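Student: So you can see what is in the structure, the chains are spelled out below.
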Amino acid sequence: MSGHVSPISLYITIFMALMVLTVATVGAAFVDLGQFNFLVAMIIAGFKATLVIWYFMHVKYASKLTKLTVATGIFFLAILLGLFLVDYGSKAFTQMPPFLS
Amino acid sequence: MSNVAAHADDRGHAHAHHPALQHHFDTMAQQKEAAVVGMWVFLLTEILFFGGLFAAYMVYRIWYFDAFAEASRSLSLFWGGLNTAVLIGSSLTMAMAVRCAQTNKRTATVNWLILTMILGAVFLGVKVIEYADKFEHHHVPGYNFQWAAAHEAPAAGEHAVAASEGAAAAEGHRELSLTPAQLQLTTQIYFSLYFTMTGLHALHMIIGIGIMLVITRMAYQGKFDQEYYTPVEMAGLYWHFVDIVWIFLFPLLYLVERHV
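Chains A and B, in that order, are what the protein sequence lines are. Numbered by our numbering, the letters in the first sequence go through residues 1 to 101 in order. Numbered by our numbering, the letters in the second sequence go through residues 1001 to 1260 in order.
By construction, these hints were calculated from the structure, which means they are not laboratory data. Because the structure is a prediction, the values reported are computed rather than measured. Any given hint might turn out to be false.
[What the hints assert, rightly or not] What the simulated footprint calls covered on chain B by chain A, stretch by stretch (three residues with Cβ under 8 Å from a Cβ of chain A suffice, anywhere in the stretch; the number is not a length):
(1) 1030-1037
(2) 1042-1054
(3) 1083-1090
(4) 1239-1252
Glycine included, each C-beta is placed from N, C-alpha and C at the ideal position.
Could you build all of it, start to finish, from the sequences and the hints given here?
Tutor: Next up, the structure:
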């Protein structure tokens, strides 16, 4: 029993989208958005990563158990980074960026 | 997927099983599902492995943003952008390799895998050029580290001490909040993280190419068909994961603050 076979056109589309988003993230970096430069870059990167996970890594067609495993990884990464911010952000010697303070 | 209770009668070697089906699995689908979940659990540990570095990067970037912005501007956007395109391209060729394995195209699978390895080698080659450039400019942390004045705005440090912290939001060419001596120290932190993160990523690429060499040989020998292509798919998951790490490394290292 073979897995779901995606059409080649889908892979080409995802590839083109990833390339366009790469150009977009470079372009956005040259526009002064103040504190939003970082957020825009991370939102674009997150969207690119989602495309790769969902289509190239076939998670879209995977079982619920696999989807849950992937979500667990992202969840624990969020805990790691989030609690780092809570810890260091509560220290007087850390000047937090405007969007976090 | 199919979680049907095992019907396969225990004497069941009467009808032909797929040769790749191991005895502790009931069906090919169950065997593949186990591999996919297992691979994702491994990738989950990899996410947190890199996550520790991302966390360190995050804290130091908040602390020494100006140093990170300055050091980031010294990286070549051309090489970084090219490598991003090369790696995304290699993800496409990898996806095509898996697809060809799924559809029982042996020669095409081998060819796509070889193309993926070539793109991976191109990425590493560009990385060598970039690393050599860092050595040339004394941007490797350690005794010979030298934050060159060429990257500093002329006399940027003179008013830096006087500049209040809140003034960082001034428009246009803002004053750096760090003196040249502080920059000398704090840009080293950026480059330490740069070499650790890109080095660990490059190590993953080298391992990935090694895995692919084995997979390509297996594909060439005709060990895969539309029923069994799990090793190709697992190598693909690993390769795409390495691609995702770079998707985040590129903006974090190359695009800290380019608009100034």
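Student: All hints, please: hold or fail.
Tutor: Hints, one by one, checked against the model:
Coverage of a stretch by a chain is defined here by at least three residues with a beta carbon nearer than 8 Å to that chain's beta carbons; for the stretch 1030-1037 of chain B and chain A the count is 4, and the condition holds. For the stretch 1042-1054 of chain B, the stated coverage by chain A holds: 7 residues have a C-beta nearer than 8 Å to a C-beta of that chain, and at least 3 were required. Coverage of a stretch by a chain is defined here by at least three residues with a beta carbon nearer than 8 Å to that chain's beta carbons; for the stretch 1083-1090 of chain B and chain A the count is 4, and the condition holds. Given a C-beta distance limit of less than 8 Å, the hint that chain A covers the stretch 1239-1252 of chain B holds, as 9 residues qualify and 3 suffice.
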